[in-house]
Amino acid sequence: MDTPIRVMLAKVGLDGHDRGVKVVARALRDAGMDVIYTGLHRTPDEVVTAAIQEDVDVLGVSLLSGVQMTVFPKIFDRLKKEGADDMIVVAGGVMPDEDAAALKRMGVREIMLQDTPPQAIVDTLKRLVAERGPR
Amino acid sequence: MTAPVSRASSSLALVERVAAGEPAAIARMISRAESGSSEAREALARIYKRAGRAHIVGITGVPGSGKSTLVGKLAEKIRQQGGKVGIVAIDPSSPYSGGAILGDRIRMSDMATDPGVYIRSMATRGATGGMARAALDAVDILDVAGFDTVIIETVGVGQDEVEIVRASHTTIVVSAPGLGDEIQAIKAGILEIADIHVVSKCDRSDANRTLIDLKQMLMLGMTMTGPTDWQTPVIGTSSVSGTGLDELVAAIVRHRHVAFETETGRRRQLAIAHFRLRKTAENLLLERMGEAVARAAAPLADRLLRRDADPYSLANELLDTSLPGGPVHEQSARSKVAR
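So the protein lines, in turn, are chains A and B. The opening residue of the first sequence carries number 10 in our numbering; numbering runs sequentially from there. The opening residue of the second sequence carries number 5 in our numbering; numbering runs sequentially from there.
To be clear, the hints were calculated from the coordinates, so they are not data collected in a lab. Among the hints, erroneous ones may be present.
So, partial list: chain A residues that the calculated Cβ filter (under 10 Å) puts toward chain B [stated by the list, open to error]:
1) 37
2) 41
3) 44
4) 47
5) 90
6) 91
7) 133
8) 137
9) 138
10) 139
11) 140
12) 143
Across the chosen pairs, the derived CB separations fall in these ranges [claimed, not checked]:
13) A:126 with B:41: 32 to 38 Å
14) A:124 with B:301: 42 to 48 Å
15) A:54 with B:285: 40 to 46 Å
16) A:122 with B:317: 39 to 45 Å
17) A:78 with B:208: 43 to 49 Å
18) A:109 with B:298: 41 to 47 Å
19) A:79 with B:118: 46 to 52 Å
20) B:251 with A:124: 49 to 55 Å
21) B:273 with A:79: 48 to 54 Å
22) B:317 with A:25: 55 to 61 Å
23) B:301 with A:26: 43 to 49 Å
No experiment lies behind these values; they were computed from the predicted model shown. Cβ coordinates follow ideal geometry from the N, Cα and C atoms, glycine included.
Between the sequences and the hints, there should be enough to build the whole structure, so can you do that?
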């Protein structure tokens, strides 16, 4: 039986804009994925706890508030501490190019900015999960 | 620092880590159960043997009745009393894409980082009855991991998805005010299965009507069946003000006693075992038939549409061609003659 890809979409911190992340959630659902949405205003700790409990293939963090360089180090620390080392972490939203480069060095696999078409996000997640292989 | 779960490639290697309550190991084990991989079966067998301590509480009700919010509040109360709570929250898969939006845990965010609460969302993936196929495996896994109360929250159900009662020790049916009159309340189906009735959103003015309708329905039933081990309570709750939550937790604790210590409870546990056995056999059968049926069905559906033959004969033909072990309907025809 084919298991659907599990994705958690998260909004972290004081960022009340979730139209974009809901559009992405719908696109992923329509591509046959199981999508868990955290709701707004979560802390990095809450997001990682939930992502581990849900054993998602992909954790996608949407940020429109500019706090990416604070949030992602915390996320990676917790994931490592809990032994959830094979989770694919991606970012979406709006951010400066130099931050995107730094996040990639940190371990964020893909950064999909505001002009990314939904189908491209679907394709990217499918590719990343296929590359990782079964677990 | 915990050992990475990716290194524990075998499910058997995860069993002890599940028993030690490691979140990532529990999570991976549930995923393996969900994917139905044969690799996980031995590990799940060991887990099944060690399970059986947890009080399994099923919560069901129509969509939007406030199940998830109530589960969140309930878990908080149980935590305050020192219990550990596992939650399996089920949401529907899309019948078209197979995908799902699992949004139950948004309503449970107050305990988001409490290690004594474990929330797992599941999609139905075509399973009916308001449950997901691996839900009971997940319950066993959480049980072995040390969660002494495990709550199963079904998908928002209609009038007759009642499988939850055959899977839980205690079934709570949540009704919301304003959804029907006393005729709805005496209909057969979901309202019959409750061990505890909850009327949610009791901060609303029309909640009293719903409370009265349900209480009257129960009184009507009592006059017909006489006294029993358990009097089904009707509890009004409000997740906004906290009304009724203590009363609900007390009722759950009382019913736990009935479930584990009485003859009624013993019969219920046996019925649960029966149901699980049957359901598992059904799933195995569907798994074995699955692809063969999909292949064989297309031409038969075409004939059905042309009214070339009736649905009953064609369904028998479908089973004959796709069921392992060959034709079955001759046998059933024979048993009919015998009767």
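How the hints compare with the structure:
{"no.": "1", "hint": "37", "result": "holds, 7 Å"}
{"no.": "2", "hint": "41", "result": "holds, 4 Å"}
{"no.": "3", "hint": "44", "result": "holds, 5 Å"}
{"no.": "4", "hint": "47", "result": "holds, 7 Å"}
{"no.": "5", "hint": "90", "result": "holds, 6 Å"}
{"no.": "6", "hint": "91", "result": "holds, 5 Å"}
{"no.": "7", "hint": "133", "result": "violated, 16 Å"}
{"no.": "8", "hint": "137", "result": "violated, 15 Å"}
{"no.": "9", "hint": "138", "result": "violated, 13 Å"}
{"no.": "10", "hint": "139", "result": "violated, 16 Å"}
{"no.": "11", "hint": "140", "result": "violated, 14 Å"}
{"no.": "12", "hint": "143", "result": "holds, 9 Å"}
{"no.": "13", "hint": "A:126 with B:41: 32 to 38 Å", "result": "holds, 34 Å"}
{"no.": "14", "hint": "A:124 with B:301: 42 to 48 Å", "result": "holds, 44 Å"}
{"no.": "15", "hint": "A:54 with B:285: 40 to 46 Å", "result": "holds, 43 Å"}
{"no.": "16", "hint": "A:122 with B:317: 39 to 45 Å", "result": "violated, 58 Å"}
{"no.": "17", "hint": "A:78 with B:208: 43 to 49 Å", "result": "holds, 46 Å"}
{"no.": "18", "hint": "A:109 with B:298: 41 to 47 Å", "result": "holds, 44 Å"}
{"no.": "19", "hint": "A:79 with B:118: 46 to 52 Å", "result": "violated, 24 Å"}
{"no.": "20", "hint": "B:251 with A:124: 49 to 55 Å", "result": "holds, 54 Å"}
{"no.": "21", "hint": "B:273 with A:79: 48 to 54 Å", "result": "holds, 51 Å"}
{"no.": "22", "hint": "B:317 with A:25: 55 to 61 Å", "result": "holds, 60 Å"}
{"no.": "23", "hint": "B:301 with A:26: 43 to 49 Å", "result": "holds, 46 Å"}
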